[in-house]
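Could you use the hints to bring the two separately framed chains together as a complex?
Respectively, the protein sequence lines represent chains C and U. The first sequence maps to residues 1 to 342 in our numbering. The second sequence maps to residues 1 to 339 in our numbering.
These are calculated hints, taken from the structure and not from any lab test. Be aware that one or more of the hints could be misleading.
What the hints assert, rightly or not - On the chain U side, residues computed to face chain C include the following (Cβ under 10 angstroms): (1) 30; (2) 242; (3) 245; (4) 258; (5) 305.
Claimed, not checked - Covered stretches of chain C, going by a simulated chain U footprint (3 or more residues, C-beta under 8 angstroms): (6) 90-103; (7) 114-125; (8) 172-179; (9) 198-206; (10) 239-251.
As the list claims (entries may be wrong) - Away from chain U, derived, C-beta distances all over 10 angstroms, residues of chain C: (11) 29; (12) 61; (13) 152; (14) 319.
Just so we're clear, the structure is a prediction, and the values are computed from it rather than from any experiment. We treat Cβ as the ideally placed atom computed from N, Cα and C, and that holds for glycine.
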Amino acid sequence: MAQKERQQAVERELTMSRAMVEAIAHEMRENDEVFYMGEDVADYGGIFDSTEGLLDEFGHDRIMDVPISETAYIGAAVGAAQRGMRPIAELMFADFFGVCMDQIYNQMAKNTYMSGGNVSVPMVLTAAVGGTYNDAAQHSQTLYGTFAHLPGMKVVVPSTAYDAKGLMHNAIRDDDPVVYMFHKRLMGIGWMPAPDGPKTPVPDEPYAIPFGSADVKREGSDVTVVTLGLHVHRALEAAESLADDGIDAEVIDLRTLVPLDTETILESVAETGRLVVVDEDYRSHGVTGEIIARVAEEGLADLEAVERVAVPDVPLPYARPMEDEVIPGTEDIETAIRSVRS
Amino acid sequence: MFEDMVTARYYEERLQEEYLEGKQPAFDISAGPIPGELHLAAGHEAAAAGVCRHLRDSDTVTAPHRPHHVAIAKGVDLKRMTAEIFGRRTGLSGGKGGHMHLFDPDVNFACSGIIAQGCPPAVGAGLAATKRNEDAVAVAFLGEGAISQGAFLESLNLAAVQKLPVVFVVEDNDWAISMPKERVSGVDDGSQRAGGFDMPGVRVDYDDATAVYDAAKEAIGRARAGNGPTLLEVQVHRRMGHFMGDPESYRPDEDKEAAHGRDSIERLAADLRAAGLEDDDLEEIRERARDRVDEAIEWAKDQPEPDPEEAHEDVFVNPPSGATTDEPAHELAETGGDD
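Just chain U, same shape as in the assembly (with noise of 0.2 angstroms):
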């Protein structure tokens, strides 16, 4: 677990190192190596590293835009992941998705870039593990600014009733956007919109990833048994603005200074050390977390872009005939026009 969010830690300061090259002294959203939007996830990691732990490669787990911290929680192949952020062909979706759109299906990741979105998908796969009698989960990760869309909302209720195998983990980082907690939903424990559907609703509080697990683990033991769906809320903090470049004008400097002052990362070493676990322990396992996401960073910047042509292929699977696009003029005047 501790290792799961170092490496997101570590792999997302690399990235937001690598996003801003070519991007200064005007921040320009579509120069540099990465280009396009990136949501980074620092101060997440508990959230995903508390409930991945529990999962298999056969659970699928839906995330949304800020997906890098789950993907590594999850086992998401980090050099063909990193290799899409870079946007080059051996990426995941060759260069196709980006790092909003990441899609590994050996481990049965995916995530979408649109709020609450995953929702729906999460209850199908938990439906699929319902009809084939298999004990596989899915779980649907989504901020707190989502819990107020409709496709969360009937999510919950289909998964409820029809008792489906899928946790729904909401990450509260109080902010949606430029929009404090407060101003967005009537509540301030979002798990208590489970009681409205008759369904267990927890809510972890202060980062802190060991009671994450705990909780995760009595929430998929549920689903896995066949007992139904739990909706978890787990306290993180954003450490960052909602996207890079995001001047964060609209957020009161004290509440960055406390985001930054309740670290999920050091309160978690804290209890390995408390544990017995050296310095020396948790300092080697920071180094392996480091070199893989050094090596993975390295490999993909190292990768071909694909082709411009590629762009045209993946539309479908099985492609009709007929279905491109590029013919060649019409030259109505050698037919004659409406002669």
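Okay, chain C solo, but in the shape it has when bound (with noise of 0.2 angstroms):
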């Protein structure tokens, strides 16, 4: 496919922050209406490295450090990009979404349809997600369940720095408000080691990747296993595991949440027969029934076994054996693996 064959003749390689940054900054320079606002994303170069060396380009005029008052600056994001401008809030935490939620669903995600078409908010709102760092139940959720329910907001989930990079420059084009949900443990911080499978070669020229397209990242003929973000990388693993067994598990990484890319799960799965679904989200009401719920709607008849690998429906907690128990691992997406083939 395109894509590989693009990704094959390129050796640079990226970590996932750093082609995120390239998209931003090529934006940036292409559309001086593009900026970038948020808590320590200027001097700092963002926490999770989302805007590291933005500043020394583009000045503090366009990378905006903001007091922590997120419903001021995401509203005001609201309100720059119904003027037309095209703003980049970010929240540094998805889990801090409580308190600026209006400002978010009722006020970015709504204005388009309650103004029957007459207003648009082409915003990106950037979020870290993730646990799997022992940061406990206010900082560790990825609640990709939660913005892809509320309607009005593209949401994205990147795995990989070239689909990091793409999804970002087609997130800025976007006339509509994108809900950008970069993974910690991807970005390939120093103080945050990333497993292996995120830093990929990334083309220098911009290239949009469009929403709703996921991406098989594994062919297999046995089991279809539908993921995002850092376990897309956990599945891979699992499947390569498996693969010493004879067991041929194709992984599809969904890439964006909203729109969902319904259509290459269900050839997938008129393929294998036999589904797992893996969310780092919590299992109920989430990601994880949407996608076994699509795939009973229209592929039912194709569908022999189906399990779904989650967070329990509880929050995150601190100590160490007791996070491991409730984030999937790899060992618990193989033995899903092995439950739907049995």
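Below, the structure written as structure tokens:
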């Protein structure tokens, strides 16, 4: 496929954060209306390196540090976007959405609809998600399902540097509000080592990955594994491990939750008949249920067995043994794949 | 007061040592005996000690995500708090909360990892005291970076219009992670915020624990007497990064040096010497504090880790039936799919 060829053609590998920043910098050079606003994004460079180096090129006018006042600055991004600018506002941790949710889900997400399409909100809301570093219940959530559940925002979750760049180009150019959720563990931050997977070849030139195009990260004929974010890498690890036992798992990376590429999932399930959905979000009323419901609605005849792997409905605990228990690991995914095969 | 301060300072020095174990040479936040983030309060001790001396166990304190000095001054169980920070089963929260989320109902202490979000619960504790006709008070601690938050401003207003027994204590260390105060607040003196709510606003400068003590005595006395809330801003200083591992590349060297030049503990020690205490007396207090801290840390490290299964407990006090989520895989094939 074209994407793989393009990736193979370049040797330069970037971390996910460098790839994101490259797309932002390119769009800022191309369009004076793009600016970035958030806590510790300028002088610090983003707690998760989401803006590393941008201040040097663009200055404080366009890489704006703001007071700790999410309602005010995310709402201000909505206002600026409605005036035609293209703000990127960073919510440092997705967990903090509670202090500013009205601006996100009643203003940013609904103004286009409530105005009968007469107002657009072309902004990007970036947020760090994910656990695996023992920071407990207020700093470890993914909340993919919450954002995807509420209509009016497109929801993006990259898992590799290549995808992070292409999806960011698309997010900034999109005329709708986009929530861009990056997993801390994938960014390549010095103090939080990433697995090998997210660092990939990334072309120099800009390219946009369209929303709603899931990516088959590993082809396989026995079981379809659908996942996103960090768990793409855990699913790939599980699939490689099972290959030794003759189980051939296909791994689909959703890349965007809204819009959701149901077609790619259905095509895969039509081949394999078996579905495992893996999510780092809570199990109930979330992404795993949604994927399975869509397959049940449109591909029930193909479905022989199904299993979901997700965080049981508990807040993320602090202590390591308990966090390991609730966040799905590679072994949990392996077990689920074996289970639908038996 | 001096003992609370030296206990807190030494406690954090010891935590820092333990935290760095296993995280070297390349700093890895999730490695070592204390995982996750760790926010230390070295330089903030005067605020907690000066305020909490006036509090009883029945008074409520809500602390922010930098809570240890406040917890120590409020009388939180040091051993169980330490066990919690080490993620042990006998910790205050059984290992579920960690260092930013310490809860000790015995002394009505709680904290939150989200900026300014301890303010509304403090107002609620004040409301409860008023409704029950008790003379208990509530104190919400927050940083100067939090005074732009809606939750703080709304809490000031609610406490003022209801005349609730709440004291808001702003610890002003000049830095909100990488943002210096002049870039986050239009006023240099955060206690001016009180004026907009017709509430007394007081600022104490120079890391002066004695002055904090005096100002807090008046504010807490006012609250206890039913005369409403006070906003008290206390100048403290930040001796280290926002969190362990913060390189502080945004912070001028002069600022770091200036912070280390104004140590609240040394200031109070000088005051105590001037009042007649001997160096031996002060050293005896320091020695007692060190013994207590070392004992707590040794005890905590000996405690067992929680079993993984314990992660599923405590979501509800009264778990609904069917709350369990780990049902076995559903085999559609056996029931024939849609046939």
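These are the hints, each one checked on the structure:
1. 30: holds, 4 angstroms
2. 242: Since chain C brings a Cβ to about 9 angstroms from residue 242 of chain U, closer than 10 angstroms, the hint holds.
3. 245: Where the cut-off is 10 angstroms and the nearest Cβ of chain C is about 5 angstroms from residue 245 of chain U, the hint holds.
4. 258: violated, 18 angstroms
5. 305: With a closest approach of 5 angstroms, the residue 305 of chain U hint holds.
6. 90-103: Since 4 is at least three, the answer is holds.
7. 114-125: violated (count 0)
8. 172-179: violated (count 0)
9. 198-206: violated (count 0)
10. 239-251: Coverage by chain U is violated here, the residue count being 0 at a Cβ distance below 8 angstroms.
11. 29: holds, 24 angstroms
12. 61: holds, 13 angstroms
13. 152: It holds; residue 152 of chain C is separated from chain U by about 23 angstroms at its closest Cβ, greater than 10 angstroms.
14. 319: Not fine: 3 angstroms to the nearest Cβ puts residue 319 of chain C too close to chain U.
Of the hints listed earlier, those the structure fails to meet are numbers 4, 7, 8, 9, 10 and 14, in rising order.
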